[in-house]
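Let the sequences and hints guide you as you build the complete structure.
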Amino acid sequence: MKRYVCPVCGYVYDGAKGARDAAPGTAWADVPDQWKCPRCGAAKVKFAPEEPAAPGDKAAVRSAEESMTDGARSALCSNLARGCGKQYLPEEAALFTELAEFFAAAAGPAGGADPAALLARVQEDLESGLPAAKAAAEAAGDRGAQRALVWAEKVTRIQRSLLTRYQKQGDELLKDKNVYVCTICGFIAVADAPPALCPVCKAPDWQFAKVEGR
Amino acid sequence: MYAVRNLRLCTKDCLCLFVCPTGATDTENSVIDREKCTGCGLCAQACPSKAITMVPEQMPPQQPKKEAVAAALRALAESKTGQEQAAASLPGALASALARSDRVMAEDLLRESGYMLPQSANVRAALQAMLAAPPREGFPREAAQKLLDTLPFNEP
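Protein sequence lines correspond, in order, to chains A and B.
Each residue of the first sequence is one higher than the last, beginning at 1 in our numbering.
Each residue of the second sequence is one higher than the last, beginning at 215 in our numbering.
Note that these hints are calculated values from the structure, not bench results.
Hints should not be assumed to be uniformly reliable.
Selected chain B positions facing chain A (in silico; Cβ < 7 Å) [claimed, not checked]: (1) L287; (2) L290; (3) A302; (4) E326; (5) A343.
The model shown is predicted, which means the values in this text are computed figures rather than measured ones.
No residue lacks a Cβ here, since even glycine has one placed at the ideal position from N, Cα and C.
Here's what the structure looks like:
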């Protein structure tokens, strides 16, 4: 029996199982017209036949962790800790934080870095990494990925601007100023106080963290 | 569904105490008692500060990702975490800020690469892979195992 997918939330109607007023075994054609998506309420007419997933797509995404470096694993786990925090799951958040800290310690700070080398890597992201990812996200019509990449591009530009100014001005750049980082998108503000709204992601000022030097 | 209170937003108007039919919101630590909460949603509707949210028992599955997109996002996240480690070895507040900023971007990029929900099958696969072949000595196995045991995974 062909399955039908909700274009809004991704819910899959499986005739064998039925859903809501449609009893198990109800073919799509026999589902009443006023039937709605049981998950999000979208109308039946919006549903489209399920397209077979590109072979290997799911499996490739699923095994991605195995090829990650410790640094990326740490960010993966700290991201999941934040996700658990937002769902009010403090114990799970603490466990993911423990994993994130383990991987961060394993990755360790890289030696031999200097601001000029860092600027070159920022520049490379702007010239190749970001455009490549944006093209892939656009081709796939992936709005979430495009949103993340718009933020990342803006924040990377701010990083480039600050590193360029730092090369010219040195520590004068930060004199009598505080440094704040938006904990939602990564925007960096060098100012007396954090902005009322983040200029990149529009998060309020209390989402900014004040950063001290070592 | 069950109710949770965001203490940062709560202004102690206490309307939740008046409307809760089971007394679940009346606790000494301000955390709504999940055992007593029936999920009726009255407290969330009554709260003048919108400090109470209804959370589903089971999250819907996250949006599927195309491998081409996920791979590009992962590559960028790797670049950002590499820069985070480089910045972390430099002195000064700007370097600290860059490291923090790189971490936030890497988290967001990885989230969009198929790791949005902690309850997703991708996260389960990642935790299982870590346990099957611990990436490093001293890997906190108990933490990974506990997550596998307690997270309500929502995909086959």
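To see whether the hints hold, each was checked on the structure:
For L287/B, the suggested interface contact is upheld, since its CB lies about 6 Å from the closest CB of chain A, less than 7 Å. About 5 Å separates the beta-carbon of L290/B from the nearest beta-carbon of chain A, less than 7 Å, and the hint is met. The closest approach between the C-beta of A302/B and any C-beta of chain A is roughly 4 Å, which is under the 7 Å cut-off, so the hint is satisfied. Among the interface hints, the one on E326/B holds; its C-beta lies about 4 Å from the nearest C-beta in chain A, closer than the 7 Å criterion.
Among the interface hints, the one on A343/B holds; its C-beta lies about 5 Å from the nearest C-beta in chain A, closer than the 7 Å criterion.
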